[in-house]
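Following the hints, position chain Y against chain P.
Note that the protein sequences, when read in sequence, are chains P and Y.
First residue of the first sequence: 1, per my numbering; consecutive thereafter.
First residue of the second sequence: 1, per my numbering; consecutive thereafter.
Don't read these hints as lab results, they were simulated from the structure.
Worth double-checking, as some hints may not be accurate.
[Claimed, not checked] Computed footprint of chain Y on chain P, listed as stretches where at least three residues anywhere in the stretch have a Cβ under 8 Å from a Cβ of chain Y: (1) 6 to 13; (2) 36 to 49.
[Claimed, not checked] Derived list of chain P stretches under chain Y, where covered just means 3 residues or more per stretch with a C-beta under 8 Å from a C-beta of chain Y: (3) 16 to 29; (4) 107 to 115; (5) 125 to 135; (6) 146 to 157.
Backbone N, C-alpha and C define an ideal beta-carbon position, used for all residues, glycine too.
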Amino acid sequence: MTNQVNITTSQTIGPFSHEAWQWAVDATASVETTAPTVTVRGIIYDGDGAPINDAQLEAWNPHAAAAEAQQAIPGFRRIPSGEAGEFQFRLSRPADAPADAPAAFVTIFARGLVKHQFTAVFLDDAPVSPLLAQVPEARRDTLLARRQPDGSYRWDIRMQGDAETVFFDYT
Amino acid sequence: MKFDPVPSGVYPELVHPEYKSTIKRGPLQPLLRLDAALPVRDNIATPALVLPGEIDLTRPEGCAGEAIGERIVVTGRVTDEDGKPVRNSLVEVWQCNAAGRYRHKKDQHNAPLDPNFNGWGKMLTDDEGRYRFVTVRPGPYPWGNHHKAFRPAHIHFSLFGNVYAQRLVTQMYFPNDPLFDYDPIFNSVPDAAARQRLVSRFSIEETMHEHLLGYEFDIVLRGRDATPMGL
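For reference, chain Y alone in the conformation it holds in the complex:
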C-alpha cells in the first residue's frame, strides 16, 4: 500500500506555542519518510470485545440510572481516501459529562460527576463503515492553558482502521461552537477546511421524536489500494 502525501496544513503543527504543552513535546526533526511494506492488522478487535453498554453511554453497565444531560446520537461513516468503507474496524470514544467533567482521577474541575455516566465506549464499524452510539452532549470545561481557556465541547475518537498506518486519534466538535476561535487545540490545524471536517453536523434524520438529537460525523482515514501486505 502506498499513501498519497497529506497536503500541507491538514495535520496540526506539532509545536503550536498557543497550546503550551506542545512546546516541549512536539518532535522538532522532520519525519523520516519510509519506503516499507506496512503491517496489516485486520480485525484487531472481535465483536466479543464490544459490550452492549458501550454503544449507549447513557446507560452504562452496572449503573442503576440514566446519565443526566442532553441525549444525543452520534453516527457516521468511516471511509478511506478513495471513499471505500473501513469495515469491522474498532472505534473508541471518550468524553466528559454534561457538566464538563471527566471521570478521571486527574480531572480536578469543580463540576459534578454523574454516577450514571462513565464517558467511554467502543464499537465496530459495519459493512458500510458506519458506527453509531448514544451519549449525552459533553459540556465545555476550563483548562489551565491561558486566561479564560475553555475547551469547545468535544468527543474524543480513536480509530484503528484496517492497516497500521491508518491509526487515528481525533476529536469531534459541535456546530457553531463560540469557543472555536479561542481554542489552540482546534486551531493547531492550519488548514481551515481540515478544521471544519472535525465539526459534526446536526441531523434531523437521526433525531428521534421526544427522545434525542442526532449528529453526523464522517471520518476519512488514509489509505488507498488496500491490498493486504505483511512485513
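Chain P on its own, in the form it takes in the complex:
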C-alpha cells in the first residue's frame, strides 16, 4: 500500500535541547516503583571513540507502567549524556513482565544525528527474546548489558565502528 499522506521528515535535535527537555529529566530522575529495579549505565561514543556529551537518551519500558503508575510518566526515562558521555538508567523489572523482554527500548538523539535512532537494551543474564533473536548473532553483543560485580549492568552505545550498536527500523 502507498501512503496517503507524506510523513514529516526528521531533523537533528541540535546542541541546545536541554532546558526544553529538562522537565522530563526531572520527572524521571528518581522514579518510585513497586518493582525490583536494575541500573544500566554506560557511555555513548562516536566513530572516533570520543564520548558524545550532548546526547539525549530516552528509555521506554512498557512493562513498568503498572509498577510506576503513581509517577508522572510511568515506564519512561529521559536523560542527557554527561560531559564524559556517561548515562545511567534505573529500570523497573516487574515480576510479571516476560523474562525475555528488553530491559528498555532506547531512543538516541544528538547533535549531528539527523534522525533519532531506535535500539533496545537486554540484560545478559536474561533469556534470549524473540526480538534479540532477530539480531545477527555476531552483533547481539552490542545490545547486551553485562552484569557487574556490584549488581548493576554495563552497556555502551557506539554510533559507528566495529562494534556499532544495532539500530532498528520499525516496519
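What follows is chain Y alone, placed relative to chain P:
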C-alpha cells in the same frame, strides 16, 4: 501495527558530510528491520504536566515582562499517514530568541539574551490533533560548520505520537528563507518535497489584528491501523 516503508530520500542522510558533525555520529550499518509488536504509550503526558506559560512563550512563568521580537502564533494539525488525528499527544518546542541566541550555557553567540524569553514550551494536541502556541519569531544565528554558516530561522519540535515508533524530532522553518540553499541540516533531506514539508506557511486567518502574525505547520507521523498492541 505495521508501517509502510518510508520512501527513499524522505529521511535525512545519516552521514551528510556537508553537516560535519554527522561524519562521526551517523550510523554506517543498515538499520535492522524488525518484525515485532510495538509498545503503545498513549497519554505519556497528562494535562497536569502542561503549564499555562508553556503555550505562550512570550510571557513565561516567573518573568515580569514580555519577550522582545516579532510576535507570532504557530498552529497546525498532527495526523498519521492515513490523515487520522493524533490526539492528546505531547508536543515540545524550543528555539532561540529574536536575536538568534538560545538560553543555554553552551550557546556563546554574541547576541543578547532576553530576560523575558526562555525559548521552550510544551502542549498537548486536542481531539482534532491540533496544537497552538504563541512565541516570537526566532532569529538566524551563526554556527561553526563552514564559512558564513547561518542557520535559517527555525523552531525545534519534539513529538511523541501515540505509539513508540511515531516518535519524531524535527524543525519548522519559515517561508522563503534565503538561507535554505546554504543550510546543510535542511539539505540533509534528499527529497525536495520532504524538505518543503518542513516549511510553515503564513496564515492570514491565524494573524491577529494589531497583535501578531500567524503560521501554520502541519505534521504527519508514521503509523496506520493504530490498533493498541503491547509487547
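### Index of numbered hints that the structure contradicts, given in increasing order
Going through the list in order, the structure violates hint 6 alone and respects the others.
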